[in-house]
Amino acid sequence: MFFLMLRQSFVKGWRRKVLATATIVLAASLITALMNISIDVGDKMSKEMKSYGANINLVPKSENISLEIGGVDYNPLEGQVLIDETELPKIKEIFWANNIVGYAPFLKVNAEMLGTAKRVPLVGANFDKTVPVAGDEEFRIGVRVINPYWQVNGEWPADDGEGAILVGALLARERNLKTGDRITLRMAQLSETFTVKGILSTGGAEESSLVAPLAVVQRLAALEGKVQSVSVSALTVPEDKLSRKARRSSEALDSLEYDRWYCTAYVSAITHQIEEAIPNIAARPIWQVAASEGAVINKIQLLMVVVTIAAFIASGLGISSLMVTTIMERAKEIGLTKALGAADREVYLLFLSEAALVGVIGGLLGCLAGAGLSQVIGLSIFGSLISFNWVVIPVNVAISVLIALTGSLMPSRLITKLYPAEVLHGRR
Amino acid sequence: MADVKGGGMTRGRMFLLILFKSLKIRRNRVAITFFSIMIGASIITALSSVYFDISAKMSRELRAYGANFFIGQKASSESRATDAGVIRRAVAQVPADKLIGASPYIYGVVRLDLGNAVLAGVDFTGLKKLSPYWQVEGKWISVDFDDESCMIGKTLAKNMELKVGDSVNVIRNETGFQKSLVVKGIAETGQAEDEQIFVNLALAGEILGQQGKVNHAMLSIVTEGTDIDALAKRMEASFPELDAKPIRKVSHSDGRILDKIKGLMAIIAVIILTVTTLCVMTTLIAIVSERTREIGLMKAIGADDRDIVRQFLSETLTIGVAGVAAGMALGFLLAQVLGQAVFGSFISFRLMVLPVTLVPSIAASLIAAALPVRMAVRVVPAQVLKED
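Protein chains in written order, with the numbering used here: chain A, 1 to 428; chain B, 1 to 388.
The following block holds chain A by itself, in its conformation from the complex (with noise of 0.2 Å):
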């Protein structure tokens, strides 16, 4: 008798339950595609992020303190220790490999430009070349990979090619210089000339001294297979307590907590690991970067959470109403239902089973359309998919099925309270 007034109510009624099923389909979409795009919005704003550039900086480990003031360097160091780049790419052989984006490495010396009195900082680096690394083929290192706020007012010269040098853009307004002029370095007993292929603004201290090709530089200072610091771009989770607790000192942590640490990509585990998979080097985040882009992904989390929640309330609401009224709107046959006998428990076993099946298909037909709406809002804002957490799915049926019971619960009650023969008399 059940099942058949239950079949009864959606085979007769199919339009209200098509409407119910519809409302539900709609919110938890909304739901699921908001839940879905709030786990992923921190790896997702994570790497839009690295656009504030390096957060992680090598440097060799017994370094003196460098005298330099503004792109001056009052301190010419004279055998300096030096990091060998064929280490190099064992930065992509530690626990978080996966996390590092890229690296720079970077070799500044003096040079002295032919013509001018006073010396100009040439520094070395790469622009954009691929290395061989463990596991992966072919991997792109160089400022343009890391640093996407150098700008070059020309042309970027070739990793490997000879005799083309970026003037940084105060240099260039200080001697005068343009794009296709021509320039001649000295540098101990070497010399050599240089086509200037661009003019590189970077807002920082590049912007006062020439950069070329690592190699050249290299060559220049005789100082082949080495670099003086390195710029690294990783993947990294906000700062907490534990990664706090960590950096004050690692031997206050116990085994657990240690494991733990090391295995969540804060910024201080990875350049712990960097320290232990190449020695000799000090590896040192670089605060303004990595503490920042904590503080503000955990703002753009909290506003998704809190959107997601709002928007929650917001579709619960609405389910209820909607419930409220396709059930008031049955006051009759439950009257009549209840005058042939039936009990005030099957009244409400009956709106609560179709409540639960209404929900259970529109919070799986909502998971689909969400999956597929996160999906297009993954790809019109970030230019990439949203990782799809199978998590939702549950979560979503089970909070359709608790919307919609709670909700028909209130009129079931009220409905329940009426008695049978004023709703057929027609009087309420």
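Simulated from the structure, these hints should not be mistaken for laboratory data.
Just so it is clear, CB atoms sit at the ideal spot from N, CA and C, and this is done for glycine as well.
Just to be clear, a hint being listed does not mean it is correct.
What the hints assert, rightly or not - Restricting the straight-line Cα-Cα distance to at most 25 Å, the calculated cross-link-like pairs of lysine to aspartate or glutamate (DMTMM-like) are:
#1 K417/A / D344/A
#2 K245/A / E188/B
#3 K178/A / E236/B
#4 K47/A / E236/B
Unchecked claim - If you only want the chain B side, here are some residues facing chain A, beta carbon under 8 Å, derived:
#5 Y65
#6 W134
#7 E188
#8 T189
#9 R248
#10 K249
#11 I261
#12 I272
#13 L278
#14 T282
Dock chain B against chain A, hints included.
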């Protein structure tokens, strides 16, 4: 109904009577309609308020990245130091509510107990706001007349074997200055600051023999769009001897991130707007469709189709306007809750929110009422009335 004259009942009065009775007798349904429109409108108001404010709010958050503007001496000029007063006047050109923090800098090389180091004179109150990312062990120097303390970079501290609370001798040979300062804090940034020692600007001027001089100033300014470039132009126009420019690394990235966040918020707001509107519509459709019998009755006693559609639309419109009004008020409150929860500040009210909320809410209610009524007026009255 136009020809019902004997009863003294004009068409207009009849219309109002039905409207009034319908609202009064069907109180439950009215409440539900009102409620669902209100919820819909409030969520739309809240989200659009947040959306229109998101740029301002997030660009404030992005100031966690520190300085995005630089003021210094023109590169072509002879000396690297400039008058502190000029820089101070240039900084004053930035509107106070846009300026998060600013600090002048003066640099020089000094001798410490165990070696040479770069000394930087700064305004610590400004610097703290300018660089919230500094990881400080110990304390910041909090007052700008403190000439007994210094802050020191982490690498420098390690090399000079200094800890928080230790004292260090600062010697400048050229000026013959010598003083023992207490290390108040050790700072870590991962950049050049790690190898520098920081003191108050006035003390630095005394040590370096350059009182009243600064090398440059760094500013952290809340920006929207390209107004930072305009600011740079304006400042260079009024201070031709200064070089004012946005720091590309930060300002360029800020723009990109803001665009992404704005885009994300926009698309989410549109989706929520659509879904909420559709939800409100389905509820209204359900409410109106159950009145098919009533429509049949009205037709049977002589109302024409147009009258009925008009009747239902004005009924929905009445409830709709009330619902949207209440929803907007509620939504604005909700926006404040969102603003406080996420940004810790209030969301400002913008007029753009009104049309964005009003148009879809009212349109959705009217369409939702019109659809089922149009279907219902097509039925034959007898059939509907019989089908009990």
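Outcome of the hint check:
1. K417/A / D344/A: holds, 8 Å
2. K245/A / E188/B: holds, 15 Å
3. K178/A / E236/B: holds, 23 Å
4. K47/A / E236/B: violated, 35 Å
5. Y65: holds, 4 Å
6. W134: holds, 7 Å
7. E188: holds, 6 Å
8. T189: holds, 5 Å
9. R248: Nearest chain A Cβ about 3 Å off; hint holds.
10. K249: At about 5 Å, which falls below the 8 Å cut-off, the nearest Cβ of chain A leaves the hint on K249/B intact, so it holds.
11. I261: holds, 6 Å
12. I272: Where the cut-off is 8 Å and the nearest Cβ of chain A is about 5 Å from I272/B, the hint holds.
13. L278: Holds. Min distance 5 Å.
14. T282: holds, 4 Å
The structure shown violates just one earlier hint, number 4.
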